[in-house]
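Visitor: Chains as they are written, first to last, in numbering that gives the first Met the number 0: chain A, 0 to 496; chain B, 0 to 562; chain C, 0 to 137.
Bear in mind the hints are in silico, worked out from the structure with no lab data behind them.
Possibly wrong hints are sitting among the right ones.
[What the hints assert, rightly or not] Quick list of in silico lysine to aspartate or glutamate cross-link-like pairs, DMTMM-like style, CA-CA up to 20 Å: (1) LYS372(A) / ASP313(A); (2) LYS442(B) / GLU167(A); (3) LYS374(A) / GLU167(A); (4) LYS412(B) / GLU278(B); (5) LYS372(A) / ASP314(A); (6) LYS442(B) / ASP116(A).
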Amino acid sequence: MIPIGIPIGLAVLIPFLGACGVVATRKSPLVRNCVLVISGLVNLFLLVYLLLVYLPPTYLPVPRENYATVQVLFETLPGLRVAFHIEPLGLIFALTAGLLWPITSVYSIGYLKAGNDPHQTRFHALFCVAIGCAMGIAFAENLFTLFLFYEILTLSTWPLVTHSRTPEAMAAGRVYLGVLLTTSLILFLLAIVLVGSYGSGLSFIPGGVLSNVSPTLATVLLLLFLFGIGKAAVMPFHRWLPNAMVAPVPVSALLHAVAVVKAGVFSILKISVYIFGFDSLSSLRLNDIMLQDIILWIPAITILLASVIAMRQDDIKARLAYSTISQLSYIVLGALMANQMGMIGGAIHITMHAFGKITLFFCAGAIIVFSGKNKVSEMNGLGRSMPWTFVAFFIAALSIAGLPPAGGVWSKWYLALATLETGQLGLLAVLMISSLLNVYYLLSIPLRAFFLPADGPQQALENRASMVVPLMLTAAVSVLLFFIADGLASFIGEIQS
Amino acid sequence: MTDILSRHLPILQVVVALLIAPFCVVLGSRNLARILMVSTAVIMFAISVMLLVGVFNGEVYSYQLGGWAAPWGIEYRVDYLTAFVLFTINLIHLLASIFCLGRTDDNIGRAARPVFYTAWLLCIAGLNGMVVTNDAFNVFVFLEISSLSTYVLISCGRDPKAILAAYRYLIVGAVGATFILLSIGLLYMQTGTLNISDLSRIIAERGSDRTIIMALSFFIIGIGIKCAIFPLHDWLPNAYSFAPNSVTVLLSGTATKVALYVMLRFLHDLFGANFSFTEMPLDIVLILCAILGMLLAPIVALRESNLKRMFAWSSVAQISYIVMGIGIGTTAGTAAALLHLFNHSIIKVAIFMAVGIVIARTGTARIKLLGGVAQRHRFACYAMLFGGLGLIGIPGTVGFVSKWVLVTAAVEKGWWWLAIPVLAGSLASAAYIWRIVETLWTKPIATDDAMDGGGSAPLDAKAEGGSADIAGSKKSPGAIFRERSEFDRTRIKDDTRKYLPAAVDLEHTPTTGGTPIHIVEWLPLMVLTGLALWFGLNASFTSDLALRAAASLINPEPMNLSQ
Amino acid sequence: MSSVEAWFGALPGLLNYWVAIILLVCGLIIVMDSRNLIKKLIGLNIFQSAVFLLFITMGKVSQGHPPILPSIPRSIMPAAISNFSNPLPHALILTAIVVGVATTAVGLALIVRIRRAYGTIHEDQIADKPEVEPEIMP
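The shape of chain A in the complex, shown without the other chains:
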């Protein structure tokens, strides 16, 4: 047996080591930044290695059965262990986060330097810790491991959210921590305890561990998970996300695209596939009422409401925040529909939305830093001063709205197919309406910037390569994803649930 646990363990460990390295080299900013970027690249390399090892059998140098896929780190209590494994969903999430980490590092180095921030080391170190937690969540073998990294992620991002230490930031930090800890410590943990007591173990097993559980308890568990994973920002537990907008832009990028919310929706996806399994999910019923059909409307309502709220936001970051809430519920919806198409759609939407949304945030940050404007209504004609930024914004907005030639179109395609499979045409309508709203509130920004006359004089503003290059890069990946989405989908389609 070839232990696959070592590269997984390293992939989780390297971000934490990176954090230590960043703290150790805090005296010299140049070395520190190098450490940051290099650990990101090493981590990416490891993840690519893991992908190559795990790809479908035809590509494998050694058959997949020869790998020990579970690596136990600690056995805290009998049945409660810190362990990692590898499976397609986690790999996709890890690769997304791992690819975005070095890019975001470069961007945040530029951003913090531009703002002359006094606490750059703290920022970078905690950023590394957050990525490490995302890796831990991606490779978690059981609910306990997932919960462990989920909580560390919550706590380690709190200093990032309150980075500026202003009273508004502290208040936002309190909301952030309050919502996330309340949901996770009460609902999520209760659900885990119940799964541990009534299910057959906490491990993620294809087909689920709840086959012996009564449908009523399974429904309760589903609701506990759905609301307990506050990071997925399903209404009404979404308030922390717009509040956290006071944080620096790279933090928002981290929250929205790379680690935090993605960790939330990824957890829901993973739980629905590996804890419930499609069979027990689709058999939730109470006296002949199909509960699943009702529960599906919770994310659906979130999708619509968040889109409507996003339309009314003038602050660009707030608009993006509500857009994120809406998009996250696409993934939750995909996870809860309990069919192959929904799972694929949800999983690849993690990646598609990550690249699209991070591009949007990078652009928003660039706009704020370069032009000092953060109101959408002030951005008339800004496109001529910042052409690259707004082109990238345009591409990313296409991806989020689900229009070709950007990757987002595929995830929405799969989700639409999934709604047809469940037979709920209402949900399909929700997806369509939301896409239209997306087009309205996101695409209007670059159009306004390019085609409306500017208020003041125009000059080239994009004078910091470390900020402009990353956003071009992520926009390019968004386009690239349009062409390789099929591969991703078939990779995830392997999961037999």
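Use these hints to put chains B and C onto chain A, whose structure you have.
Guide: Relative to the frame of chain A, chains B and C by itself:
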């Protein structure tokens, strides 16, 4: 030789400290007393480890005092449960006595030190005796030995209110102890024996009557006071917050824990689980108290303005988790209680050590004035944070492990709804812990000058009511940084500098850097933090031990109380 | 009404218990109600004495003799003296009295220190007098 030694281990556990205690005073030298105290702690810890190893090897120690056979003579008995609790308290005692050598309690001067150490040793001797003895009356005697020395120790606090706190604890504690004595008297009246095993047998044979019920009620009230179970906890916040820092460290890890042990022993062994939990509704009573404690105490803690007192309230909350485990009554529940007994000991002791270090360096326990302290006393503050995460029960900490075991035990028994107060309580502790974190890390740092009493105080502190009158007078602005502790919510307008330890002498402290943390302070803190980290990630040792201890209490055959 | 009569009839035999209970309650009330620190302590002593009395009472066996071995040989001992009182409660209470005395001593010592620090031993006045000099131990 080793055989003789091993046979005498149970009595040595108690008698070593009892014998050495007077020598600390008689020899009259502070350094000698220090050496005596720490070496006693080491010996006692070694004995407890030997007992634990012996128990693991299948021995059950039964020591007959003076050779008198069990029902008439006093018997000392060590099984898994006893060895587990002995190990816990002696570990804590060892670390606390090392910590006590430091400079956190500078008001206890050279001459007073030997007496202080004597009281310290008597206290721990009494606690060990309570655990090791198998004689009900002996429990009372050792309870009083430890309590009396505890009153003395608490009264050594820097603030004069410590004497008041000690006095009040004395009154409440003596009433509690007398209740226990009364209960033992009633038991003796009915059974004619004092040996716990014998009592257990006779009560099981005779069945209960009104006298036994009275005995149980008096006992629960009496021991409840000593355990600080929620409605009877009144003495604890005052005693903990005004006691010298090292005494708080010792008490938080040992005193209440031993009382909880006695309660467990009496309920299961003496009265019998069948009587305590099935005939009498004690499980419901205990669980109700526990729920109230774990929900209300954090709320009080959240409003508390004194750092030490806040953590004292948190102790009240955490004891409730242990009580809930006892109330569940099954093997799993008892194991959860014991596991939390150990886990809470190590984290709370670490927290109080860190708090002591911070208080001794800054000269204040007032949370408002501790802004930005983390940047100066990084190690102590991170230790406090880590302990705090343990109190919340973040996964990966010991607190999570005990919470998990407790909730699982409740669900196993079918009382899944108990999970809700437990989880809500841990959330409530998150609130007060995070308040501290915000203050220590993100509030504006007090300038170096102000911290050491040389310069001006930060504006937000100045704007405070109590200091307004000081600003006008010619007193040092450093007066802002004194302890304005509260006693029963009476605000005191105290004078400059009087609660400041010598370590922060206002005139003579250099403006850069505080007193460095001494090795005797950081070493035990580090050991405890390391233990907490290890047992949080790998709890197989502690959980196994707790399970064996619980099984040894509840066996012969595991009782299933739910049926 | 016979149960009441029986109840009153048993009263003299249970006199010691009644006294103990009355003392117990008196002591407890004094402890809780009194604002003077020394009076509180006195209440505590009464409370403890009540429990001692209870113990001593149960040691008494009706028609029992003091549990002291007579010097005469057992064979010629009168039959009545074969009935002894139980000595164990006395031994226990001796210990408890020592403990009680120690508690009182510690309590009094604390009161001395309180008086030195606050100038009063009345709880209300202590509450009114929050400003006190710290005691520096030698």
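Visitor: For each hint, tell me whether it holds in the structure or not.
Guide: Each hint, compared with the structure:
Using a Cα cut-off of 20 Å, the hinted pair LYS372(A) and ASP313(A) holds, with the two alpha carbons roughly 11 Å apart. Of the supplied pair hints, the one linking LYS442(B) and GLU167(A) holds, its CA atoms being roughly 13 Å apart against a limit of 20 Å. The straight-line distance between the Cα atoms of LYS374(A) and GLU167(A) is roughly 19 Å, inside the 20 Å bound, and the hint therefore holds. Distance check on the hinted pair: LYS412(B) and GLU278(B) sit about 18 Å apart at the alpha-carbon level, within 20 Å; holds.
Pair hint LYS372(A) plus ASP314(A) holds up; C-alpha atoms about 9 Å apart against a cutoff of 20 Å. Restraint check: the Cα-Cα separation between LYS442(B) and ASP116(A) comes to about 18 Å, which is no more than 20 Å; the hinted pair holds.
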